[in-house]
Amino acid sequence: MGDSIHRINRREMLQRLGMAGAVGAIGGFGARRAAAADKLVVGVIYVGPRDDYGYNQAQAQAAAAIKKLPGVTVVEQEKVPETTDVQKTMASMIEQDGATLLFPTSFGYFDPHVLRMAEKYPKVRFAHCGGLWTEGKHPKNVGSYFGYIDECEYLDGVVAGHVSKSKKLGFIAAKPIPQVIRNINAFTLGARSVDPKITTQLIITGDWALPVKEAEAANSLIDQGVDVLTCHVDSPKVVVETAERRGIFVCGYHANQAALAPRGYLTGAEWNWITPYTTHVKDAMAGKPMVNFLRGGLKEEFVKTSAYGKPVPEATRKSVDGLKAQMVKGGYVIFKGPIKDNTGKTVIDGGVAHQQTDVTLEQMSYLVEGVIGKV
Amino acid sequence: MKRAVEALAIPIAALAASMLVFGVFMAALRQSPLEVYALIYRGAFASAFSWQNTLARAAPLILTALCVALPAQAGLMVIGGEGALVLGGLAAAIAGHYLPVMAPLGVKLAMAGAGMIVGGLWIVLAGALRQYRGVNETISSLLLTYIAIAVFNHVVEGPLRDPASLNKPSTPPIGDANMLGHLPGMDVHWGLGFGLVSCILMYVLVRHTTTGFALRIVGGNARAARLAGLPVARLVLLACFLGGAAAGLAGMVEVAAVHGSANASLIAGYGYAGILVAFIARQNPLAIVPVAVLLGGISASGGMLQRRLDLPDATVLVLQGVAFMLILASETLYGRLKLGRAKAA
Chain S
23 MGDSIHRINR REMLQRLGMA GAVGAIGGFG ARRAAAADKL VVGVIYVGPR
73 DDYGYNQAQA QAAAAIKKLP GVTVVEQEKV PETTDVQKTM ASMIEQDGAT
123 LLFPTSFGYF DPHVLRMAEK YPKVRFAHCG GLWTEGKHPK NVGSYFGYID
173 ECEYLDGVVA GHVSKSKKLG FIAAKPIPQV IRNINAFTLG ARSVDPKITT
223 QLIITGDWAL PVKEAEAANS LIDQGVDVLT CHVDSPKVVV ETAERRGIFV
273 CGYHANQAAL APRGYLTGAE WNWITPYTTH VKDAMAGKPM VNFLRGGLKE
323 EFVKTSAYGK PVPEATRKSV DGLKAQMVKG GYVIFKGPIK DNTGKTVIDG
373 GVAHQQTDVT LEQMSYLVEG VIGKV
Chain B
4 MKRAVEALAI PIAALAASML VFGVFMAALR QSPLEVYALI YRGAFASAFS
54 WQNTLARAAP LILTALCVAL PAQAGLMVIG GEGALVLGGL AAAIAGHYLP
104 VMAPLGVKLA MAGAGMIVGG LWIVLAGALR QYRGVNETIS SLLLTYIAIA
154 VFNHVVEGPL RDPASLNKPS TPPIGDANML GHLPGMDVHW GLGFGLVSCI
204 LMYVLVRHTT TGFALRIVGG NARAARLAGL PVARLVLLAC FLGGAAAGLA
254 GMVEVAAVHG SANASLIAGY GYAGILVAFI ARQNPLAIVP VAVLLGGISA
304 SGGMLQRRLD LPDATVLVLQ GVAFMLILAS ETLYGRLKLG RAKAA
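Going down the list, the protein sequences come from chains S and B. Position 53 of the first sequence, counting from 1, maps to 75 under this note's numbering, and the rest follow consecutively. Position 189 of the second sequence, counting from 1, maps to 192 under this note's numbering, and the rest follow consecutively.
Quick caveat, the hints were computed from the structure, so don't treat them as lab data. Backbone N, C-alpha and C fix where the C-beta goes; we use that ideal spot for every residue, glycine too. Among the hints, erroneous ones may be present.
[What the hints assert, rightly or not] Quick list of in silico lysine-lysine cross-link-like pairs, DSBU-like style, CA-CA up to 30 Å:
(1) Lys-396/S x Lys-171/B
(2) Lys-367/S x Lys-171/B
(3) Lys-171/B x Lys-145/S
(4) Lys-358/S x Lys-187/S
(5) Lys-304/S x Lys-89/S
(6) Lys-321/S x Lys-5/B
(7) Lys-171/B x Lys-235/S
(8) Lys-171/B x Lys-159/S
(9) Lys-101/S x Lys-171/B
(10) Lys-171/B x Lys-162/S
(11) Lys-171/B x Lys-358/S
(12) Lys-362/S x Lys-5/B
(13) Lys-101/S x Lys-190/S
(14) Lys-5/B x Lys-142/S
(15) Lys-145/S x Lys-101/S
(16) Lys-396/S x Lys-367/S
(17) Lys-190/S x Lys-61/S
(18) Lys-326/S x Lys-171/B
(19) Lys-190/S x Lys-89/S
(20) Lys-190/S x Lys-304/S
(21) Lys-304/S x Lys-326/S
[Claimed, not checked] Have a look at the derived ranges for each label pair, beta carbon to beta carbon:
(22) Glu-334/B x Asn-241/S: 42 to 50 Å
(23) Leu-289/B x Glu-157/S: 45 to 53 Å
(24) Gly-353/S x Val-321/B: 46 to 54 Å
(25) Tyr-40/B x Gly-353/S: 54 to 62 Å
(26) Leu-345/S x Pro-162/B: 35 to 43 Å
(27) Met-80/B x Asp-60/S: 56 to 64 Å
(28) Val-138/B x Glu-117/S: 17 to 25 Å
(29) Lys-5/B x Val-234/S: 46 to 54 Å
(30) Lys-159/S x Tyr-135/B: 49 to 57 Å
(31) Glu-238/S x Gly-188/B: 49 to 57 Å
(32) Glu-157/S x Gly-161/B: 27 to 35 Å
(33) Leu-32/B x Lys-187/S: 47 to 55 Å
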């Protein structure tokens with residue numbers, strides 16, 4: 023891969039840029055519509071290490087997949103903090119590597135870094151993970167992609183509900199923000215659909231990567247009698263390994279962690295970023311305008327579940343597969359009223375059904391009944 | 004003359020040696036050392052673009068390095084610049100948003116003042132604990148950093164959270180008008196300018212004023228300084244305040260030039276990287292500038308190595324580690340160089 027980038031020398035670069043400019047001028051499309059190209063340099067930026075068994079690895083898997091597309095060169099940089107460093111990294115990919123499509127994958131890159139670079143380089147496309155791109159507020163060469171992973175969390179919860187003996191589940195979360203809260207709630211709703219006596223004990227660690235605190239949280243939950251753990255932190259590695267060592271069950275997150283817990287891994291909620299990556303790459307190569315708001319769930323193949331682990335009984339697999347089939351068909355509603363929060367207040371009225379696409383779900387700030395914890 | 008030759012020749016020789024060692028390491032990974040050198044040069048210093056990349060990365064380190072170098076003049080080993088930075092940034096964000104409406108220049112000054120005072124007082128805490136209670140300032144400043152980050156997170160995610168900041172808890176924005184822009188003609192923010200000016204001012208203070216002289220006497224031998232009638236406690240606290248103020252100013256710059264509000268992105272480890280810079284610069288405020296530029300350059304070219312050769316980020320840490328080990332080791336050469344001796348004679 024080192025070689026391929028060197029083959030694009032400056033003259034070629036200029037020719038391509040010139041061609042893009044000329045076609046743009048003739049067509050009168052302006053900045054939003056670049057010419058179709060048979061070659062594309064894509065830059066992918068990670069906030070942590072690419073092999074973290076988690077958030078970054080899920081993105082890196084998609085990067086590895088688009089690398090195989092004809093004409094696509096991928097340049098990658100890992101462990102880039104959410105400071106001016108990421109602005110300079112984006113600019114370097116554009117100016118030094120000739121990248122015209124960037125995937126700055128950390129949520130914290132969006133405002134101000136991606137927005138500032140998008141303004142400075144109006145011909146480059148910026149596909150950001152997790153943000154809430156808003157018409158009229160954000161530039162057209164920026165897009166946000168995200169997945170309805172709460173569908174997988176719900177299925178995880180159902181599996182956990184079937185397998186748990188103590189009826190106590192544990193959830194270790196990084197921060198009390200809407201994306202995380204939605205997962206906690208979906209997991210709990212799934213479990214309580216099996217048995218309404220089930221509770222989810224929540225521990226919030228405070229940051230995305232705090233391995234020591236995550237291990238402490240896992241141990242303390244297990245000491246309290248929790249027998250299925252799951253988490254929403256950047257790298258679930260520590261939580262999964264701790265659960266396995268202590269002999270309890272665990273559901274994965276972000277990527278597949280089955281290899282870390284061969285005995286206790288039930289299933290997991292995984293991203294399938296290959297889908298949005300491919301969409302953005304193909305659009306960029308075809309010169310089509312960028313899809314600014316890209317979302318999808320199981321149906322659209324933005325997310326997937328890990329293959330069932332050994333401890334999941336056949337009957338459970340069947341019933342969960344049935345649910346999953348409904349979700350793949352589309353229209354399955356997880357957040358359907360009446361839903362109470364864990365203080366007893368009704369948060370979704372009876373008869374109200376929030377479809378997955380409903381952006382009010384992306385502003386969630388309450389924990390549903392059955393979650394033991396506070397945000 | 005001999006000193007000047009040494010001061011240049013020794014670090015350059017150490018750098019050359021570290022490049023050699025790194026080249027061997029790269030060759031062991033089946034990468035061409037020459038190609039690696041070329042990429043490092045291109046990534047960090049070959050063009051106006053790469054220079055700006057380097058300088059932008061160096062800017063915050065200059066200020067946080069002062070947070071180590073200034074207390075060091077008084078003999079204190081303070082490593083808590085990160086805490087002063089985040090709290091300084093938080094204070095600046097609060098000042099920027101909550102002060103009554105006034106002209107942007109006034110707001111900027113108030114933000115800088117708030118950041119510097121809060122940062123300064125934070126390090127004064129460590130200094131006072133050492134001066135009046137005999138608590139080791141290295142440990143206390145490090146532990147104070149954890150407290151600072153906890154306080155910061157609590158305030159940002161709790162009482163002062165902007166309700167509009169959904170998935171990234173932040174304080175309310177200070178507003179575009181109050182943002183510090185870039186240095187004229189460059190894509191580098193004002194933090195670089197502030198850092199340069201601070202380093203020069205502090206160099207003059209330390210080397211060319213009686214206060215600075217007194218400070219260094221305290222650093223050399225606090226008991227002798229006390230016997231000589233110097234106000235030791237005041238000098239120690241002054242050095243801590245100035246150092247903390249520099250780190251607090253770095254936090255203010257991060258808020259006012261980069262993020263526009265205080266949020267967890269402020270906790271980026273600049274305070275810790277500054278420790279490295281100060282030590283390599285041998286606590287000399289003026290030497291901090293080239294060392295920070297070197298570190299910025301390594302970081303800038305590290306990106307290039309990752310992207311072109313598909314190397315992991317850890318490669319850069321190896322280069323950084325080798326370079327700094329050799330620079331530190333080369334300190335034993337001062338006054339022992341045959342070349343220098345011959346010239347002096």
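Quiz item: For which of the previously enumerated hints does the structure constitute a violation, in increasing order of number?
Solution: Going through the list in order, the structure violates hints 6, 12, 13, 14, 17, 19, 20, 28 and respects the others.
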